[in-house]
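Q: Please build the complete structure, drawing on both the sequences and the hints.
Residue strings, one per chain:
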Amino acid sequence: MSEQKGMFGASGTGDTSGYGGLERASISPTSAQRPYGSYFDDIADQLERAFPEFHDAIEKVVVDRDELTLYIKREKLFDVAKTLRDTETLRFEVCLGVAGVHYPEDKNRELHAVYQLLSMTHNRRIRLEVSVPDSDPHLPSLVEVWAGTNWHEREAYDMFGIIFDGHPALTRILMPDDWPGHPQRKDYPLGGIPVEYIGATVPAPDNRRSYR
Amino acid sequence: MSTFASSRETTEGTIYSVTGGDWDQVASEIGSAKEERVVVNMGPQHPSTHGVLRLMLELEGETITELRCGIGYLHTGIEKNTEFRTWTQGVTFVTRMDYLSPLFNETAYCLSVEKLLGITNDVPERASVIRVMMMEFNRISSHMVALGTGALELGAITPMFFAFREREKVLDVFEKVSGLRMNMAYVRPGGVAQDLPEGTVSHIRDLVKDLRKNFKDNADLLIGNSIWIKRTKDVGYLDLAGCITLGVTGPVLRSTGMPWDLRKTQPYCGYENYDFDVITADTCDVYGRFLIRMQELEQSLRIIEQCCDKLDALDGAPVMVADKKIAWPAQLALGGDGLGNSLEHIRQIMGTSMEALIHHFKIVTEGFRVPAGQVYSAVESPRGELGAHLVSDGGTRPYRVHFRTPSFSNLQSTSAMCEGSLIADVVAAVASIDPVMGDVDR
Amino acid sequence: MAPRRIGMGLIVGLEEKLPSGFLLTTVEKLAGYMRKNSLWPATFGLACCAIEMMAIGSAGKYDISRFGMEVFRASPRQADLMIVAGRVSNKMAPVVRQIYDQMTAPKWVLSMGACASSGGMFNNYAIVQGVDHIIPVDIYLPGCPPRPEMLMDAILKLHEQIGNEKLGVNRAKIIKEVEAAALASLPTHQAPVFGSKAD
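Those protein sequences? They're chains A, B and C, same order as listed.
The numbering used here applies: residue 1 is where the first sequence begins, and numbers increase by one.
The numbering used here applies: residue 1 is where the second sequence begins, and numbers increase by one.
The numbering used here applies: residue 1 is where the third sequence begins, and numbers increase by one.
Possibly wrong hints are sitting among the right ones.
What the hints assert, rightly or not - A few chain C residues that face chain B, going by a derived Cβ cut-off under 8 angstroms, partial list only:
{"#": "1", "residue": "Thr43"}
{"#": "2", "residue": "Phe44"}
{"#": "3", "residue": "Ala47"}
{"#": "4", "residue": "Ile51"}
{"#": "5", "residue": "Met54"}
{"#": "6", "residue": "Ser58"}
{"#": "7", "residue": "Ala74"}
{"#": "8", "residue": "Gln78"}
{"#": "9", "residue": "Lys91"}
{"#": "10", "residue": "Val95"}
{"#": "11", "residue": "Ile99"}
{"#": "12", "residue": "Ile127"}
{"#": "13", "residue": "Gln129"}
Worth flagging that the hints you see were computed from the coordinates, not collected in a lab.
Every residue, glycine too, gets a C-beta built ideally from N, C-alpha and C.
A: Written out as structure tokens, the structure reads:
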């Protein structure tokens, strides 16, 4: 997923540790192959049966740490969501919300929206993930499928700039209405100020030298 | 006849600016306009809105035609802050979101971190039992605030005194065990920060008897009270379909009759080994939710008693995971100077083990590394399902922390509950949802 | 502290117009005694500190009604003391200012907790780094959250301050002195460290 360079937060001439050239790559979970294990196979089968275009809709299936994540294409998101909610054997009646995640290194797939679904009838959990490019951050709104996603989508818009088409009132919810920028994106600074002590100043958390 | 008041057209209709003297003329003009809407702002600073919540009501007389919530007045950017701190330091941030139930925030976060690390089964049993016990005490203290402030907002002042009196006793337990009354940062990834001091378990057993007796004070005041019933019965109605589509969980969902409690359906921290009931009501109104909260207090006491028995059996067991590369070093203990690192640990790192010294240094400054991936784990907080969605990129700091907080989702339902009812019912309905604004805005 | 705030030009009554002297000192003592013994707080609980504030008001152990303060007035017009309890976000800042402006003189501000005093642990885009960026503060109370006993200690210290407040010409004199000292002082990070020669 990402490569980490260096050992401490500083770089350039500030870093005299000699660890500046250290590169660490981390391995993120890869696409899983069938059989997925536990109830995930069942879900995949039911979804294929109920939604024949399942294979065009899915980009990737990840089974990691006992959790199933389906990466869905954004054009099919609404239909997949509706199928997941309405099919008797799937019945994901509760959507626990949308989270945005910003991956700036993932070119053309920077903004991810993660939907956490819960089926109370079958006592199962599943996750849907959709990625959209920064240049065209539009996603279909799922407010018609689960009314509870209303505020969550507003928060994803406020914090990340993901625009949900079809949302009844997509406005800022946590920040003041005229706030510029989307705070939780990685390119938005933390915004702290240096703290003054007697005789010294400590810079804000994102500017400090830290052991990473 | 022309009026002296200036008017301007907006998207909401005509707005008249009245400067006095011309009121009769303007009033007659407005009266002839088709729509007459009064917009009232129950602003962020209000004694009855449970925190910095802004309610914008459109009224027709005393009935509400439309209600909108304005939130964000307590947005702290906690989620972004955690991206610049180690995984363990994240606990101190996360604990301040839902400040009435800090241990639940911490536990949800730590369960997620442990899932990412893959050490869920390595967390010692004593740590899990302590977590359960502290969480149930937190549930009691949170419900006490909910009952006390809910009653206060409806005009009943005495229940608040009784509730806070009992809450102080629970906060004493927190102080004894973790050092702080609120926002303790006690539950850490891998276990808990320190073991229970001597005599805690017997203190708790006595306290449970005391609490059981004193909960009757509030119950006697409110349960059969005809004024209370009139104010809360059939108020804030939200049925099962409404709850499910809005993603509402917790006592509000259980008041519709649905026995959904994560402690029973998707147990964590060993909850499957405890004997307790899931309380439901079937009236879908504020009175039902109030009864549920009162009865959940008793169930929490039952669980705490079982925890005490288990703790006696597990006396002396570790409270932190064994892996030294993750475990927060130096179980804190009462040192010579008050509170500090335990002397045995200092003796060990300075005298015997170089490795322990290195671990201590690296874990505190750099933090442990968590393999990449994303995880979601949920706990049943007093308000509903509290879920922590964590994304790791393999480093020592979280890549993204998102909390699915119950108050945020539950508060969406105020419009559904209150439109068509009276203003006084809004206060009751919001009190029954029991939102904590730190939870809503994070 | 108080003179700094009076510098905004508040004339509160006859007591401000007395000439300096024995009569003024007696009036100061009387006015201070009256004001401090029945200080009504405004409900301005924002976050976690608000819960400790509620505990001090309603839990039996920490009863502040012994000081005449258990009446938390919802309306700022009727309140004397604004206890800013909790973190002030950027969205909430104009509201804080508006409530402060709506309070009638004499008024005092107690900034409770680390977040209200300095932004606390939240040094970021969303939180005002100290409510003294927006309103003048009379007494700062650190803690996260401060125990009810600490809040009571701060309130009692504030009571002392209020009891000793000067009026009229004495007040104007103190304002001048405080302002001169403030203009001559160094910023915190250049201030001399304790124990150094410059101390």
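Q: Any CB of chain B closer than 8 angstroms to the CB of Ile127 of chain C?
A: With Cβ-Cβ at 6 angstroms, under 8 angstroms, it holds.
Q: Does Gln78 of chain C hold up as a contact with chain B if the rule is Cβ-Cβ below 8 angstroms?
A: 12 angstroms, violated
Q: Can we keep the Thr43 of chain C interface hint, with Cβ of chain B closer than 8 angstroms?
A: 5 angstroms, holds
Q: Once the shortest beta carbon distance from Met54 of chain C to chain B is found, is it less than 8 angstroms?
A: Holds: closest Cβ of chain B sits about 7 angstroms from Met54 of chain C, inside 8 angstroms.
Q: At a threshold of 8 angstroms, is the proposed contact between Ala74 of chain C and chain B supported by beta-carbon distances?
A: Constraint on Ala74 of chain C satisfied, holds at 4 angstroms.
Q: Could you check if Ser58 of chain C really has its C-beta closer than 8 angstroms to a C-beta on chain B?
A: 5 angstroms, holds
Q: For the restraint on Ile51 of chain C, tell me whether the closest CB of chain B is nearer than 8 angstroms.
A: 6 angstroms, holds
Q: Hint validation: Phe44 of chain C versus chain B, beta carbon distance must be below 8 angstroms. Holds or violated?
A: 6 angstroms, holds
Q: If you take the shortest Cβ to Cβ gap from Ile99 of chain C to chain B, is it below 8 angstroms?
A: 5 angstroms, holds
Q: Going by Cβ atoms only, is Val95 of chain C closer than 8 angstroms to chain B?
A: 5 angstroms, holds
Q: Mind checking the CB of Lys91 of chain C against every CB in chain B and telling me if the closest is under 8 angstroms?
A: 5 angstroms, holds
Q: Any CB of chain B closer than 8 angstroms to the CB of Gln129 of chain C?
A: 12 angstroms, violated
When the structure is compared with the earlier hints, violations turn up for hints 8, 13 and for no others.
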